[in-house]
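Got chain A; can you put chain B on it based on the hints?
Number of protein chains: 2
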Amino acid sequence: MRTLVRELPSQIGETVTVSGWLHKKRLLGGLNFITLRDRSGVVQSLVEAKDELEKLRGMQIGTVLSLTGTLVADERAPGGAELHDVKIEVISPVTNEPPIEIDKPLGHKSENLDTLLDHRVIGLRNLQEQAIFKVQDTITQTLRRYFSEHDFTEIHTPKLLAEATEGGAEVFTMDYFGKTATLAQSPQFYKQMMVGVFERVFEIAPVYRAEPSATTRHMTEYTSIDGEMGFITLNDLKLFLSGLLNAAVDDVWEAHETELKRWNATKPMLTEEIPTLSMEEIHEMYSKATGEKTVGEKDLRPDEERWICEYAKKSLKSEAVFVSEWPASEMKFYHKVNDENSEIADRVDLLFRGVEITTGSMREHNYEKVVEQLKRLAGGREDDPGFQPFLSAMKYGMPAHGGFGMGLERVTQKIIGLNNVKEATLFPRDINRLAP
Amino acid sequence: MRTLVRELPSQIGETVTVSGWLHKKRLLGGLNFITLRDRSGVVQSLVEAKDELEKLRGMQIGTVLSLTGTLVADERAPGGAELHDVKIEVISPVTNEPPIEIDKPLGHKSENLDTLLDHRVIGLRNLQEQAIFKVQDTITQTLRRYFSEHDFTEIHTPKLLAEATEGGAEVFTMDYFGKTATLAQSPQFYKQMMVGVFERVFEIAPVYRAEPSATTRHMTEYTSIDGEMGFITLNDLKLFLSGLLNAAVDDVWEAHETELKRWNATKPMLTEEIPTLSMEEIHEMYSKATGEKTVGEKDLRPDEERWICEYAKKSLKSEAVFVSEWPASEMKFYHKVNDENSEIADRVDLLFRGVEITTGSMREHNYEKVVEQLKRLAGGREDDPGFQPFLSAMKYGMPAHGGFGMGLERVTQKIIGLNNVKEATLFPRDINRLAP
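Protein chains in written order, with our numbering: chain A, 1 to 436; chain B, 437 to 872.
Pulled out of the complex, with its shape left as it was, chain A reads as follows (with noise of 0.2 Å):
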């Protein structure tokens, strides 16, 4: 009967059996340790006998074990217990050295990441890795919650199709049966559609976009979160997103400590709503505070992204800002015009520890309006059958509506505090990287 590593606090004194994979040996001659890891945890193991110590020779990080011992109260063990008299039983023996150190923190420089990469499949195995997929298990559950407490119906919508969701040249095609198919960059039209059937949706799930650079903010495959919601106003959406970020943080915290620690993560400031500041306010403090004229700009610097957030923390006790009043003149053809000031769009983006998370908006559900601004903002026809079912959405009957969407990935990244995307990833997609 195997015994779990994270149930073992309650049988000191017992004779127990873990199964796992060999994580570390110290084999000093006089006192020998190995670590044991499980999907629940590390024990330490101390290997007295002879024999036992003889099934281990030649034996790497990495073998896979079932150890029989009794179970010691050591504080200066890890979990505070450890195996002692133990006999082992070898199930899969590993006898080449791995390729990548797993028994370590790996660190995480930048400039090994892509040996990092290059080895995932045995670098996951290290504790520090599987930190950041656990806490991205909890955002995602957590997320999903949210949602489905909100009234949201979870959708599953195409990723191929017929023509490019937003145009651009950040789009893959490929051969679909002498047809040409593009893969979805976003489930946009698809969930605004989904507005007249549910109301309230939301999808999670991989998107995919051309992105010829290699940066430490872009991918060609990501994690999609995306939700979108009838009969609201842009302060309802705002008022979403804040619990929404509310929530997932402290999940996280309360569920991983441990693995928080990892990564010297320290818990992101939050009030419950998220302060609002307009694009121009902005510009105005950043160009009194650093001398940097940005004022009348149409977009935020990525430094004054970063101030902004430093500014937010300090004074307004938020790590996440919204910012308001975008100029309309830059806005996508969905988007909503403001009713009272046509130069501005009725969109917030979020910004989270120095950048853009997601954008959120109202969109345009006037079937006239949207033809108007799809004409006028993205040289696209009323009758081109790309957007036949989408504006038949709009024709038909649409409430006000608005949405958002951000990446799984990036949200893991600034919720632990990690310098690359990629590294929230489990097997990244770029330019230069279509393996393992």
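By construction, these hints were calculated from the structure, which means they are not laboratory data.
Be aware that one or more of the hints could be misleading.
For each label pair, taking beta carbons as the anchor points, the in silico distance ranges come out as [as the list claims (entries may be wrong)]: (1) B:Lys805 / A:Glu14: 31 to 41 Å; (2) B:Gly732 / A:Thr115: 28 to 38 Å; (3) B:Lys753 / A:Thr115: 50 to 60 Å; (4) A:Gly58 / B:Arg581: 51 to 61 Å; (5) A:Glu372 / B:Glu537: 23 to 33 Å; (6) A:Phe177 / B:Ala814: 21 to 31 Å; (7) A:Phe177 / B:Gly727: 35 to 45 Å.
Here are a few chain A residues that sit away from chain B, every Cβ distance over 12 Å (derived from the structure) [unchecked claim]: (8) Glu75; (9) Met229; (10) Lys313.
Here are the computed lysine to aspartate or glutamate pairs in the EDC-like style, where the Cα-Cα straight-line distance is at most 16 Å [said to hold, decoys possible]: (11) B:Lys570 / A:Glu149; (12) A:Lys134 / B:Asp587; (13) B:Lys486 / B:Glu511; (14) B:Lys570 / A:Glu211; (15) B:Lys615 / A:Glu211.
Computed from a prediction, not measured in an experiment: that's the story for all the values here.
Each residue gets a CB set at the ideal place from its N, CA and C atoms; glycine is no exception.
The following block gives chain B in isolation, referenced to the frame of chain A:
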């Protein structure tokens, strides 16, 4: 202040405002009724005042409305209550007649499925259509909860691959910055690799098959539910799948009485442990019962699958049955041969209501053996770059492990009792269909 339709039963006698879509109208002159749909249901409303009635002139189904009126108990009305003395606010007028009827059951005859799918965006607003995807939402939530309760970690693996996962012709290929990429047919290798990291992993994500035939069972894109577990036996896998299917069925029937009635769905009869019959047993029983000789055949015929499911329903009180003892000669290279009988593979197929919904199998985790099987059964090579990551997982320590993959759409189809898997897919894709 908006009230949701599902909240109405507690507000009889009060003045309430509901918002949603005009779902049905019966303007009979004397008695004028309209039905409004929001995300939580439909409510009937009596329109009495002439000037209110006037607002509905020319308004088609789909028009977005707010109705303010007095809620009156009425047993004949759906939901047991009706709005009287309503004031109407037209939020988004619809002046064109919708291309498809949405205010009555669509009926889903196979001869009109293509029409339904052509007008999917509007057709999904039908309550019977919506029912399918509310059920699917619950299935997905239940499966994820079941995985999490059993200590699985959710993973997100890449769908852009350098090489085809399982070879064969049914793979989409595309240009990837001058190289060739393929779309994942399954996360098979990745989930096995991840057993070395988290022991138990699952993923619910799209997969792609360049399936050249248009059938009721095949699509080019579907949502695959994949699970993989280490330190288990084939029997553990059967127990897990039994629990998973029971949980999904129970939760769907608990949550969706109304939705299931729309399809006259009957709750599948299931035993706590799904019964197992060997392929040879089934061949013998079928041959004896029908006179068709299948004994010795290496697969089940479709008729045989239906027959054994009928048999299991009648004689074993289960509409699901495991088929065991598959011939080793037919297995995939990563499957495991039975330790005691090298003629059979450690594999079970789960049949449910006449069709296979998943194949579960143990995997060969011994490096030398899996390399031998790769060469013999798949014509692969140990130094093939496409197999390197997978093989390295085995080389550096893997326990006995097994898993399964099943299509969310097929499970949804079978639970409700639909004829075609595309009915259980929001926007299905096949050789002939890439839109909407």
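16 Å Cα cutoff - pair Lys615 of chain B, Glu211 of chain A: holds (14 Å)
Consistency of the no-contact label for Met229 of chain A, given chain B and a CB cut of 12 Å: Violated: least Cβ distance 10 Å, not greater than 12 Å.
Claimed clearance of chain B by Glu75 of chain A, with the beta carbon kept past 12 Å: Nearest chain B Cβ is 28 Å from Glu75 of chain A, so the label holds.
Beta-carbon spacing of Lys805 of chain B to Glu14 of chain A - inside the hinted bounds 31 to 41 Å or not: holds (36 Å)
Whether the CB-CB distance between Gly732 of chain B and Thr115 of chain A falls inside 28 to 38 Å: Since the Cβ atoms of Gly732 of chain B and Thr115 of chain A sit about 53 Å apart, the hinted range of 28 to 38 Å is violated.
Distance restraint between Lys486 of chain B and Glu511 of chain B, which requires alpha-carbon spacing of 16 Å or less: Violated - the C-alpha atoms of Glu511 of chain B and Lys486 of chain B are around 26 Å apart, more than 16 Å.
Assertion that Lys313 of chain A lies farther than 12 Å from chain B (Cβ): holds (30 Å)
16 Å limit on alpha-carbon distance, applied to hinted pair Lys134 of chain A and Asp587 of chain B: holds (11 Å)
Status of the given 21 to 31 Å range, CB of Ala814 of chain B versus CB of Phe177 of chain A: For Ala814 of chain B against Phe177 of chain A, whose Cβ atoms are near 26 Å apart, the range 21 to 31 Å holds.
Cβ distance range 35 to 45 Å for Phe177 of chain A and Gly727 of chain B, holds or violated: Holds, at about 41 Å.
Pair hint Lys570 of chain B and Glu211 of chain A, alpha-carbon separation not exceeding 16 Å: Not satisfied, since the Cα-Cα distance of roughly 35 Å exceeds 16 Å.
Given pair status - Glu149 of chain A, Lys570 of chain B, alpha carbons within 16 Å: holds (15 Å)
Comparing the model with each earlier hint shows violations of hints 2, 4, 9, 13, 14; every other hint is respected.
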